[in-house]
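Using the supplied hints, reconstruct the complex from the two chains, each of which is provided in its own coordinate frame.
So the protein lines, in turn, are chains A and B. Counted from 1, the first sequence has number 211 at position 212 by numbering that gives the first Met the number 0; the numbering is strictly sequential. Counted from 1, the second sequence has number 25 at position 26 by numbering that gives the first Met the number 0; the numbering is strictly sequential.
Each hint should be verified, as a subset may be incorrect.
[Unchecked claim] No farther apart than 30 Å at their CA atoms in a straight line, the calculated lysine-lysine pairs in the DSSO-like style are these:
hint: 1; chain 1: B; residue 1: 1; chain 2: A; residue 2: 162
hint: 2; chain 1: A; residue 1: 408; chain 2: A; residue 2: 386
hint: 3; chain 1: B; residue 1: 74; chain 2: B; residue 2: 1
hint: 4; chain 1: B; residue 1: 120; chain 2: B; residue 2: 1
hint: 5; chain 1: A; residue 1: 58; chain 2: B; residue 2: 1
Don't read these hints as lab results, they were simulated from the structure.
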Amino acid sequence: MPSSDLRRTIDSLYRSESGRILATLVRLLGGNLELAEEAMHEAFAAALETWAETGVPNKPRPWLLSTGRFKAVDVMRRRGRSGAAHADLVIALEARADDEPRAEEEMEDDRLRLVFTCCHPALPPEAQVALTLREVCGLKTEEIAQAFLVTTATLAQRIVRAKAVIRAQALPYQVPASQDLPARLGAVLHVVYLVFNAGYSGDATAAALSLEAIRLDRLLLDLLPEPEVMGLLGLMLLQESRRAARRTPEGELILLDHQDRSLWNREQIAEGIALTESALRSRRFGAYTLQAAIAAVHAESSSAASTDWHQIVLLYDRLLGIQPSPVVELNRAVAVAMHEGPEHGLRLVDDLLARDELASYHLAHAARADLCRRLGRLAEARASYEKALSLARQEPERRFLSRRLGELK
Amino acid sequence: MKYICLGYYDPARQAAWTEDEQNAMFDECFAYDDHLRANGHFAGGEALQPSNTALTLYWQNDHVATTDGPYAETKEQLGGILVLEARDMNHAIALMSQHPSVRFGSRWEIRPAADLSAMTKASEERRRNPGARRSSNT
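Next up, chain B with everything else stripped away, as it sits in the complex (with noise of 0.2 Å):
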């Protein structure tokens, strides 16, 4: 089963780190990675750059709007994601709470990933026969 993992931080506190200090962390949290790889646990994942560069998209008045900035403005940031396969809550805990990042400060949200397939199935299934619905409820 996959799990989602949004991985949240303080910018501020990071950049008071010396170099050393960020390279150590780096370090680390790449090493475990490539063990999260090396034993199929690592389904995907990609590091975020600062909220400085999003950008936030809605519908406002009939029209697409845009905005600077993330959707939600917080002390700790998102700073990346990574999609993690595990057999179920706990064995995903188990492996997260080893990811060295949480000892530098990061904290980790774990949501497992909704299965949509019967949803899925059932739009097709509308967008194949679009009379059908009408149909069976006159």
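Here chain A stands alone, though its shape is the one from the complex (with noise of 0.2 Å):
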């Protein structure tokens, strides 16, 4: 195989692979992940000379894991840390040479030790995501820094922070005890999303970190099949089906009552309702498995009009009562205009940015802005949509909003 391929082939492995074997090499290296992730790294340097001479191997995974393993006494002999806990991790390292299949058995659950390290609540949100996007989904500093706009630089001193936090804390590497799991998989589940909505509205790059998320969670689900981990999933797959329709070839946004629904993906509808069903069966459903449910309302519709308003504003009802948040009333808000008439849904965004939580957010005021053209008072609607127009940061948005407030001059 001439080097460029073998090259290829390791780095998609590394994609696909590196998360399982540092996680693997973290445990076995008792909780230590700086030492873990140099043995790994040595592993795939290894298997670049190696293979060159021997070709890739049948199992990739067990070769490059016992070679990490090897690659990791040898680090620590060159380091030469001497005292008893050193000599019994080097003992038990090289006993579990022989020990493969128990091995394999064992590595899905240290993916998800590593996971629960990364997004660990003495991190700050922003390491959390930078050091699950690089140790667990096995993505390069640079692209993570490219997908969150931030230089090399800053995001490479977030994880090397973040790991020193690890370190310091002795952060411990394990899944939380049932009566923190709750909590603590919220957190998980949080990052995932943080995730997949860097994704949502971006360029090609940054839409690849939506494609990751979803692969996140399949894994944590494969792992630790809780509803709202099933309710997420639904949710980002079903946002994610609407994809090639929520923009114009030339980047312009398309709002859900535009879009030519033949584009919508219908494999991942299909599959997110599926999921979205199971977690609604199970009772114990939350935030995730709800906003789900009113996405499959809309993906089940043909248009706008034909769309089972009254439902998606009981959704929003009991979304609230576990969840309440300005921004779920403004989108119950406009649910209720679309089910009562727009009269009835201004009343409500009026109520709620009187209560000022909402004055700087610029799609309370699109949605003002809208609501006011529908009724006809168009003055109101331009007024609006200037304000939305002065809040809003994102170039498509701030487009989108000049074209509607052209149209109405």
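Below, the structure is given as structure tokens:
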């Protein structure tokens, strides 16, 4: 195999296998993330050299893992760390070499431990996101930096500092005990959804993040089949199903009611709806599942007019019951406007704006502008579009609002 | 991916060390370089002679001019460069933070190598076909 092909093969193996191998090495090394990472990199470097001679083995994963284990022993010897604990670790690592099948079984649990460490609440949220993408998903520092529009140096330091916190506070490498699990799982799902949203409206580089979030949640679901893990996967698939319809070829935003629904991805919709229904049946679902249920109602409708808006309002009521938030109230108000008429929606939006929490949220003003437009109150519509435009930051949204404003003049 | 690591050191500080201290540093640094080499991370590197051996070349009044010494005179001087093969920036950081020279007071600036392959290709195209660009503009 030419060396450039081998490099490509190893690169794609890195993306699919590095999270697993790293996770298992962390466990074997008693929670030492940095040592595990070094050993894993050395194993991939060794693969490049060895496989050029021998070809790629049929099962690359056990090869990489056992090489990583030997490399870890090398690293510890080279660093000359002494002491009983260290000697025990070397003996344990060498003994484990004959233990492949059991190791394979344990590997999946290891990945889950790694996710919980990367999403530990002791780390700042942005560091949780960066660390998860790099350590669990195998993305490069440079790729993550580009997707989040920060410099490589900034992102690299975020990761270095997060690892320092893990080391200094000796963050445990384990799946939390059952009484802590709901809260800790909530933090993990939050990271997954942040990753997804970073890719939601972005360009192709960012869009890869949405797929990464879906991949990550599939992994979580395999390991931890909780209703909200299922609900979040359903929600992301249903939102992702509309990607091709959300923009014109020139990159202009198209809102839900104007989208060409034949462009929606039916396969993702079918899977998203099935997952949402299973999550709902569990009766232990939460906010992600309810949002997925709302997305499912849209996905099942052939047009905005034929959408079951009453059902959507009821789902928003339940969502508000478990997750009160002015943004959810705003979305509910828009659904009320579709169901009972714009004047009812406008009253709710005005009440919300009067409460000040959403006063600087551009979408609240954009919603008000749209309702005024539909009621023929054009001067108010213009004023609200102008307010929204002054608050919006993303370019496609600004162009959309300018276009709407232009249509009113 | 390649990372160019520029190592800076303070000559005055190192001059004050005993021969044993200097040898200890070199032995550790060379051993680590060997380790990088053995694992395919060392893509090249050179130590530099002191900055008083340097000469700087530049363009002045339509001529090439030269002057003694390095381009920028600082207390810390560029002592060597190391070309590192690493997966990403954090891998490069992990490899270099174990370099023993860091403990001995050197600073490393780590710069990703720029990929100029698209630029090179465009330039080759222009040089092969010098009239193309002009005619497409008219």
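Hint-by-hint comparison with the structure:
no.	hint	result
1	B:1 with A:162	holds, 23 Å
2	A:408 with A:386	holds, 16 Å
3	B:74 with B:1	holds, 28 Å
4	B:120 with B:1	holds, 20 Å
5	A:58 with B:1	holds, 29 Å
Going down the numbered hints, you'll see the structure goes against none, and every one checks out.
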